[in-house]
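Protein chains in written order, with this note's numbering: chain A, 75 to 685; chain B, -5 to 290.
It is worth saying that the hints were derived from the structure and are not from the lab.
Hints should not be assumed to be uniformly reliable.
[Said to hold, decoys possible] Partial chain A-side listing against chain B, Cβ under 7 Å, derived: (1) V103; (2) V106; (3) V107; (4) I253; (5) V340; (6) K341; (7) T344.
Ideal Cβ positions, reconstructed from N, Cα and C, are used throughout, including at glycine.
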Amino acid sequence: MNFLSPVAFAFLAALPVVIVFYLLKRKRVVKVVSSTLLWQKFLAETQANAPFQKLRHNWLLLLQLLLLLLAVLALARPYFSSKMVGGRLIVAILDASASMQSIDESPTRFEKSRREALKLIDSLHDNDQMVILQAGANTEVKQSPTSEKAALRRAVQSAVVTDAASHLAEALKLAETLIQNNTRAEVHLFSDGATGNLAEFESKNLPLTYHHVGTRAVNIGVVHLDVRQNPENPTQRAIFATVSNFSTNQQQARLDLLLDGAVIDVKQLTLAPRESSPQVFLATQEKDGVFTMNLTAQDDLSVDNRASIVSLLPQPIRVLLVTHGNRFLEKALKAAPGVVLSIAPQLTETSQDFELVVLDNVPPITWPTVNVLAINIANTNWFQSISKIDAPPIVDWKSSHPLLRFVSFDTVQISEALAVQTPVWGIPLLESPNTPLMLSGEVDKRRVVWIGFDVLQSTWPLRISFPIFIANAVDYLNPANSHTQQLLVQSGQPFRFALKQPLQNVDVTLPDGTKIQRPVDAARQEFVFGDTAKQGVYQVQAGTNQVAFCVNLLNSAESDITPRPELQLGKYARANATTYRQASLEIWRWIALTALLVCLFEWWFYHRRTA
Amino acid sequence: MSLLTPELLRRLEQFQLLAQRRAKSSARGERRSRARGQSVEFADHRNYAPGDDFRYLDWNLFGRLDKLFLKLYEEERELPVTIFLDASESMSFGEPRKFNFARQIAAAIGYVALCGFDRVSIIAFPEVGSEAALRGALRQVRGRKSSMEFFRNLSQMTAQGTANFNDALRRGALMARQTGVAIVLSDFLDPAGYEPGLSALVGRGFQVSAVQILAPEEVNPSTFGDLKLVDAETGGIQEVTFGKFRLSGYQQTVRNFCQRLREYCNARGINFFMTTSDASLEKLLLKQLRESEVWG
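Produce the entire structure from the sequences given, and follow the hints as far as they go.
The following block contains the structure:
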């Protein structure tokens, strides 16, 4: 047997006090009376006879000592570590996403959630088990199933809120797995509901209790940030930012643009309720640097008021076009900014000197090691089965993808295309009912854009969308650009960095100035850094190479701190915020303490009324 | 110490002890008796026998009937009044002391009896050797002029020692040559009870009146807490935890005790009076005793 709070044994000091009380009680006032006859008769009528009287007093003392001992023992909380059957399994999910930093609850939404979770722990029965999950960018098991409340409290106390967007679906899936085959399980979600779509999580029978926090939505934040070459003036950089007002009131804000910490531009913004305002800044840049957007506003969530982006100066891109002749493609490639174009009928060994290879209807003998735009190439390594399909209609395209920015396929017809199954490495960008027509993805650490039809056998080259797409594709497949994109990391997501030479360790300087050293897996030639829970500019020193990367929230779902008393789970299920669940809060400590006080009070009262 | 005020004495002179039975004493007194003798109260006639005193012949009847009859008169005898006075240690308690109150009652009854030419004996118990002469002087007192001496002796008595109530009454009953009025003045707080003693008096033919005198403290205690009570007479120890919350219980016990005594007395034709030592003496003497026809 062990004790959870052996400190309570200090109350044993009260034992001598009770004994002293009884010693005091023995001291009687001697009084000579005319006769004890009446008193004897009185006592005989009201009490038991004399010998038992004396014994009874002793019993009273013993009983009181016993009571005191029991009370102290209860306060010490003894426990046996044994297996018991039939307890509930409770999975508590603490949302530790950025929106939980909102200060509309006192002091923050996260702290309130923490308090409620602690209350839930207090209400546990002895044989209940509980799991603590912290849902940030990743779901972290803070405490595996246990009945030990101290451990559970420690786990909840150790949870920290992150700057990352939450993936509640992941946490809910984990919770669902944990409570499988357990009929007496409960899932308690402590969240503000500011999360991405939970449509992917479809479970109607999850015993979910949603402890909702959040009272109001007063927030304005930067939800998108990008830096590019100014299309109108290539010597300038254009910084695109989207500022959203998630409040139901009009908001005033000041938006500062900083380059390497120095303010270079300021804008005053007035945003209507729930308005998103795209902002463009133009700046000249002499060398690689970090642009920072700093939003000054009176709002509840400060984490989205600042966003940074690394801007590298544009480098010319050498493109090899392997074709038997395609004037449209040739012209479109030449028109793309910064392109140094070479044309060859066959892929040769010299392809290593180029940053991008465009394969137009010419299957290569050896595959290039650089980024590839492959048009109408039937590569059997990439697809399981390849067939032909006539006049596939275009039904959908992913206009949100950077490749298809400003690209429309409304009036494009295709006479013939390759019919393939969507492979695991690629995401379909352009789709017909039976086959993807365009895929983008990463194969062997290089970017690949695959177009499943001969553009000359379609009306696409005649449309304005074609040169735009080619420009987008060059931009997307430019290794310098993809490198730039790698330098913009969403908080909680890992930062990946290809190493040019094998290294033992890489030094990382965190936004708060802390320096940490991480070992590198030499075989992989890649450095992966996952501790990106806090946003800001991180410096990486890999050998002689110094790289800065920026971690930002940039998530409108997370910045939208509107209280959501209802969570939509999948298509049909929903979870309503609970008013508090029937909880059996543990109050035995207070009762035991009261028993102790009553025990002491009893003697005092006994004497007071007889005095 | 003056036991009774002159005013009270003056009023007591008007009373006479009422005897429910004819006096059986052999001594002459002022009480009617069954005995025939010389008095002014005519009782009967009887035939003349030679040797009779001519003075008592009824000459009117002789004139009418020509026969000699002798007039008989009721002999007036004295009424012995015996006062049993509890002088034990327990009587010295109370504020005012129970014994003082008992002495005042004894003095009053004694005075009324002396005024009525009755023989008064005070039997104080327990026997105390040092006061033997004093107590002897309180036996067989007669005549009004003895009253001053009677009061003085009474006021010099003290209450001490352990009494045996029953034994004292039984012996008193046996020792009395003539029965008469018996007054018992005590607190009746004897561990052995009071029944045998009172029975002995009634059985001997006494006309008994019992006056129970309790101290105010005994009826309504004012000492609370954890008490170790010591019996003044027996030295017995009783531990008791007494609080205000138990006061009513105690008072009920006292009432029960008194009620049992009263019922016992009523069942045996004993006049019973219960009083506390701080009660009004005048009220007891002039009202209660009179209403109960102890005197009139």
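Need the list of violated hint numbers for this structure, in ascending order. 4, 5, 6, 7
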